[in-house]
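As given, the protein sequences belong to chains B, R, S and C, one line each in that order.
Counted the way the working numbering counts, the first sequence spans residues 1 to 323.
Counted the way the working numbering counts, the second sequence spans residues 1 to 323.
Counted the way the working numbering counts, the third sequence spans residues 1 to 323.
Counted the way the working numbering counts, the fourth sequence spans residues 1 to 323.
Since the hints were made in silico from the structure, they are not lab data.
Just so you know, even glycine gets a beta-carbon here, dropped at the ideal spot from N, CA and C.
Treat the hints with care, as some may be off.
[Stated by the list, open to error] For lysine-lysine, the following DSBU-like pairs were computed, each having C-alpha atoms within a straight-line distance of at most 30 Å:
#: 1; chain 1: S; residue 1: K276; chain 2: C; residue 2: K248
#: 2; chain 1: S; residue 1: K107; chain 2: C; residue 2: K291
#: 3; chain 1: C; residue 1: K317; chain 2: S; residue 2: K317
#: 4; chain 1: B; residue 1: K319; chain 2: C; residue 2: K317
#: 5; chain 1: C; residue 1: K107; chain 2: C; residue 2: K177
#: 6; chain 1: S; residue 1: K276; chain 2: B; residue 2: K319
#: 7; chain 1: C; residue 1: K183; chain 2: C; residue 2: K291
#: 8; chain 1: B; residue 1: K262; chain 2: B; residue 2: K31
#: 9; chain 1: C; residue 1: K317; chain 2: R; residue 2: K171
#: 10; chain 1: R; residue 1: K280; chain 2: R; residue 2: K319
#: 11; chain 1: S; residue 1: K249; chain 2: B; residue 2: K319
#: 12; chain 1: C; residue 1: K291; chain 2: S; residue 2: K317
#: 13; chain 1: C; residue 1: K248; chain 2: S; residue 2: K248
#: 14; chain 1: B; residue 1: K31; chain 2: B; residue 2: K280
#: 15; chain 1: R; residue 1: K212; chain 2: R; residue 2: K138
#: 16; chain 1: S; residue 1: K276; chain 2: S; residue 2: K291
#: 17; chain 1: C; residue 1: K249; chain 2: C; residue 2: K183
#: 18; chain 1: C; residue 1: K191; chain 2: S; residue 2: K291
#: 19; chain 1: S; residue 1: K183; chain 2: S; residue 2: K107
#: 20; chain 1: S; residue 1: K107; chain 2: B; residue 2: K171
#: 21; chain 1: C; residue 1: K276; chain 2: S; residue 2: K248
#: 22; chain 1: R; residue 1: K280; chain 2: R; residue 2: K31
[Stated by the list, open to error] Residues from chain R that face chain C, not an exhaustive set, calculated with beta carbons under 8 Å:
#: 23; residue: G104
#: 24; residue: H108
#: 25; residue: G254
#: 26; residue: L281
#: 27; residue: L283
#: 28; residue: Y322
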Amino acid sequence: MAKVEKKRSLSEERLRDFLREMLLIRRFEEKVEERYRAGDLPGFLHVAIGQEAAEVGVCAAMDDGDVFGSTHRAHGHTLARGTHPNALMAELYGKLEGCSHGYGGSMHLYDVERGNLGANAVVGGGIPSLVGAGLAFKLRDEPRVAVAFFGDGATNTGTFHESLNLAQLWKTKTLFVCENNEWAESTPGWQHSPVWDDMSKRALAYDMHAIKVDGQDVERVYAAASEALDHVRSGGGPVFLDLETYRMHGHYIGDAQVYRSKEDRDEAAERDPIVRLREKLELSSEDWEALEEEVHEIVEAAVEFAKNGTDPQPEDALKNVYA
Amino acid sequence: MAKVEKKRSLSEERLRDFLREMLLIRRFEEKVEERYRAGDLPGFLHVAIGQEAAEVGVCAAMDDGDVFGSTHRAHGHTLARGTHPNALMAELYGKLEGCSHGYGGSMHLYDVERGNLGANAVVGGGIPSLVGAGLAFKLRDEPRVAVAFFGDGATNTGTFHESLNLAQLWKTKTLFVCENNEWAESTPGWQHSPVWDDMSKRALAYDMHAIKVDGQDVERVYAAASEALDHVRSGGGPVFLDLETYRMHGHYIGDAQVYRSKEDRDEAAERDPIVRLREKLELSSEDWEALEEEVHEIVEAAVEFAKNGTDPQPEDALKNVYA
Amino acid sequence: MQYREAVNDALATAMRADEDVFLMGEDIAEMGGSMGVTQGLFEEFGAERVRNTPISEMAIVGAGIGAAMQGMRPVVEIMYEDFLTLSLEQIVNQAAKHRYMSGGQLKVPLTIRTQGGAGWSPGAQHAQQLEAWLIHVPGLKVVFASSPADARGLLWSSIYDDNPVIFFEHRLLYPIKEDVPEKLEPIPLGKARVVREGTDVTVIATGPLVHRALAAAEEAEADGISVEIVDPRTLQPLDEETLVESVKKTSRAVVAHEAVTRMGFGAEVAAVLQEKAFDWLDAPIERVGAKFAPLAFAPAMEQFIIPQPADVLAAVKKTLARS
Amino acid sequence: MQYREAVNDALATAMRADEDVFLMGEDIAEMGGSMGVTQGLFEEFGAERVRNTPISEMAIVGAGIGAAMQGMRPVVEIMYEDFLTLSLEQIVNQAAKHRYMSGGQLKVPLTIRTQGGAGWSPGAQHAQQLEAWLIHVPGLKVVFASSPADARGLLWSSIYDDNPVIFFEHRLLYPIKEDVPEKLEPIPLGKARVVREGTDVTVIATGPLVHRALAAAEEAEADGISVEIVDPRTLQPLDEETLVESVKKTSRAVVAHEAVTRMGFGAEVAAVLQEKAFDWLDAPIERVGAKFAPLAFAPAMEQFIIPQPADVLAAVKKTLARS
Ligand SMILES: Cc1ncc(C[n+]2csc(CCOP(=O)(O)OP(=O)(O)O)c2C)c(N)n1
Ligand SMILES: Cc1ncc(C[n+]2csc(CCOP(=O)(O)OP(=O)(O)O)c2C)c(N)n1
Ligand SMILES: [Mg+2]
Ligand SMILES: [Mg+2]
């Protein structure tokens, strides 16, 4: 049933859920930028503003029991897979109540109960373990899928190559999701990858099934991800999902983007996936205000929760080194 | 001129040279097997019996000034690029007169004067340095090509992926030569690579120009290699040369090949590149005997030279660690 | 039972006892591993649980991590220690840190078997001893077995340990024999073994040096020197207590391993002993290890580089020279 | 001149002096490096000599090796030390061994710059200190500069050294300032620097610990303790003479670095000192380094893990407690 529903075009209600989720992620990350600039948050952080359709479209298509791993840019996937904003914000504040209990930070978000096996700060480094999870699902004959999120820059790593090669060879239950946001830090696609304009070509080296879709259109992303997940889940082998998306802000919070032209940044407006969905849904300004209000309260509550969280004791640093 | 000549079909005389070279390599390696089994040679060795057409075809198409790197199976490339059989055999005997002065051994054959930048015992490990050499040739605007020899199994390594990706991105003067001999040690192609039956698909992930050819036909290999080298030399970017060849013997000398079916081994006869060339040239038995005789003497002389070579002193081990 | 058989027996016994234990590695199936260690396991357990892999040291370790995080107990074989250099990102940044970064949510019960060791002229890339690197990494356990019984009992414990364990075997030890009990007896990680009792000097040795130290001890005996030999067996966690106790008894210590002396395991042991047995030491702690050079091919040079029984004996006598 | 500017100045000066010097690294061009170290170099030297690379740590080091073997002097930047784990095969099996395996035919004048260092909550994968690994590898030179003048003079010497040099910088040192001569003065590799003269105890420190040791020394002074501080600067080759001399003078030693204590550089120094200054030592050599845990995100835990001035002071006092 669920699968059938997925194939059909989405109900307006479902699309409104997507919009709420995308807006929540957007406002959450804007708040994170604000709090970081205010000096509240330690470490360094990366937001995915502009990539919400890709995140929500894929995550909404995943089933309970599916697992995933993400990157240094993982706030969106984490929220979209059900981690409470309070737990995420608390992690960014380095509190014990955080989803990684203060040990991980923004680049190492975990929530194993919800299938989040970890955001990874080594580009490409998180991919192979999703091949292993997909192998375990296959060996145990479980209808679960392991989803690996990564960026365009990651396709240049040897880890990426070995992982896709092995997954295809063994037909592991793994979905590879490439969020091609046109940048690897300060390096534009054309400067880092010979197939930057069509990342799906990467899959050809493995005879892997690939699906390419506009990553700014959450409906299309959802449909493509659903199709891909069905394919993987039913034992058809791994799939490479190529999402063309867009990084509206800097690589990290505080990135002056000296390397980026004004024109390029101005694209932002047209390519904003939230604006697109809002227009499609022809939301009345009342509904929009209501939505903003709802999201605003969630985000503010998250900050409150995080600020009142518990700081780990210094000695806690020696815990969790070994099982 | 040279290039034009290359494009034309080869003179019988040239083909006879190829046959001599291939036979020399064959008899040299058979002798190596014999001497190893007799306990003369330390370490462990890999012969490329059955792959002589691939080795000679490519090496004959290379120009003076071109450089190359090979693998654990490098006797053929080394001889075909002009290293004296005496120097090679002396290396296998661990003598100071060896092409690596006894420091390298069979898996680490060097002859820098002749462009041999080293055989590598780490699968894939030698490839990136040929990208670097090709980059240097490009930066210095030199009409030279860096050739990377590797096997089918090497295409599964991350090193391979990063190297081809970078070479294509930067259009380095590098030729990638994949000798697909259908085996990676005991692992058949279908067990180690999803595109084992058409390795040229690897190049698609980089939009790299690829040429596929029967690696048992030295004429075809020579023609394809010449075309590829011209393309690279003239700045057209790297090329992936996919040679379908065949490993007639075990992975290493002494390999019982328990993993290999009799049928598979029986193919050997039909696929022997030397038999094929000999038949094509319709060599009279006299000519053949003469050739065998000539080659035999060279090989015997090499063994003599090697046996009478100088053993390094123990303390020599501390030399050449730093420049 | 041979050392090789002991490793094989531990693997087979664990696989019979537990469906979740499975093997991944290059050429471990039909061929039974390039050292013959996994012979017979493919026949008994089949291709699903004895998995031949592509040459992808990053991905197979990463796949092991992912399967381990799903509760399986994968045992990955890295054919030669030298190729750990390719897996290190996955081992050090991923396997060792997932539990910590997740604040204790995850376990990674992965075992990585590898082997190395010189003395058979494989050259510079096939015999390095790199255990020291892993000892430097919190989150990993490191084992180095010197006898069949230890290999058998420690490998079992490694497989059932809930942390990533790097299990080092030594090429030259595979053929050594020793009587072992019918039934496998697990040996807890973190416990050293007093290999030989003595009163004048303690030799702390690992792997092959345990045997070379025994040979040296016999000779020393002839000169009336009583040598105690202690094998830490587990290098991380290190059984400092047993080591220190022995040195407090003998007042003299030699640390011996095949790895390069500089920055080798012996440095850590010396640092620990000089701190914890300072007032007991009658002589400087002597270190015995490989000389500071890569491994040369020519036997005379290779033997000069790696530590021999004579080197251990000389060190023993040196500690006794002053009193 | 800032430490950051000093590195930049050494690069620029070398590039102006020599066409063969060029840079490769991720985001080093328009962005000027993620730490801003290469700012302005792209503008001055252009895209051919300041090369933005894909995220391919294996290939860019390998390409550096290949270009170096052609006589160029590439300087490769590995953005974070943690990613050296990906380059290690190329560094250890290739760069360090080509000269040796070729019996002296080749030189690899490659410099690899990298940086690390905790204290800013980047989490477990962005601040490790891994210099110890490289010190274990014959064929490499290892530098770790603690001041602007040292960084400038040592980097120059590293670039012009004919061997592969791993040049470690520290994230927290980039902003520190010091007066330096107008003209760059090369500093020979292999010479330690006495940072502060003292008579009671010698603190051998690297990188940031030199500065934390200075702070500790000031406090100690107040208690009438005279601390000598020696910075080896080059960890391989190690200036044992200067270290031993100082300890023979003070009879007490502390080794301090930010890397994990277990199996860290301090272990090697302690092993050397206890051997060469045995009769002079009045107390055990104390080691100060990171506690045995990955780096935690939450500041309180991270600060607890990494060594502080107070830890150095405590170690100093401990060596003086017994006399
Ligand atoms: C192996 C490795 N190299 C370099 C870095 C530094 N770095 C962090 S993110 C990034 C760019 C990644 O680009 P992409 O994969 O497209 O992801 P995006 O940042 O666009 O989401 C780089 C170079 C890293 N974290 N890991
Ligand atoms: C990184 C690495 N992994 C494993 C090995 C062990 N090994 C040596 S040769 C070989 C097979 C290589 O196959 P291929 O690349 O096809 O070359 P071929 O032996 O067929 O010439 C393996 C697995 C190695 N040398 N290096
Ligand atoms: Mg990107
Ligand atoms: Mg092959």
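Evaluated hints:
no., hint, result
1, S/K276 - C/K248, "holds, 21 Å"
2, S/K107 - C/K291, "holds, 21 Å"
3, C/K317 - S/K317, "violated, 35 Å"
4, B/K319 - C/K317, "holds, 28 Å"
5, C/K107 - C/K177, "violated, 35 Å"
6, S/K276 - B/K319, "holds, 25 Å"
7, C/K183 - C/K291, "violated, 41 Å"
8, B/K262 - B/K31, "holds, 24 Å"
9, C/K317 - R/K171, "violated, 60 Å"
10, R/K280 - R/K319, "violated, 50 Å"
11, S/K249 - B/K319, "violated, 34 Å"
12, C/K291 - S/K317, "violated, 36 Å"
13, C/K248 - S/K248, "holds, 25 Å"
14, B/K31 - B/K280, "holds, 26 Å"
15, R/K212 - R/K138, "holds, 25 Å"
16, S/K276 - S/K291, "holds, 27 Å"
17, C/K249 - C/K183, "violated, 35 Å"
18, C/K191 - S/K291, "holds, 22 Å"
19, S/K183 - S/K107, "holds, 29 Å"
20, S/K107 - B/K171, "holds, 25 Å"
21, C/K276 - S/K248, "holds, 21 Å"
22, R/K280 - R/K31, "holds, 26 Å"
23, G104, "holds, 4 Å"
24, H108, "holds, 4 Å"
25, G254, "violated, 23 Å"
26, L281, "violated, 37 Å"
27, L283, "violated, 38 Å"
28, Y322, "holds, 5 Å"
The structure shown violates the earlier hints numbered 3, 5, 7, 9, 10, 11, 12, 17, 25, 26 and 27.
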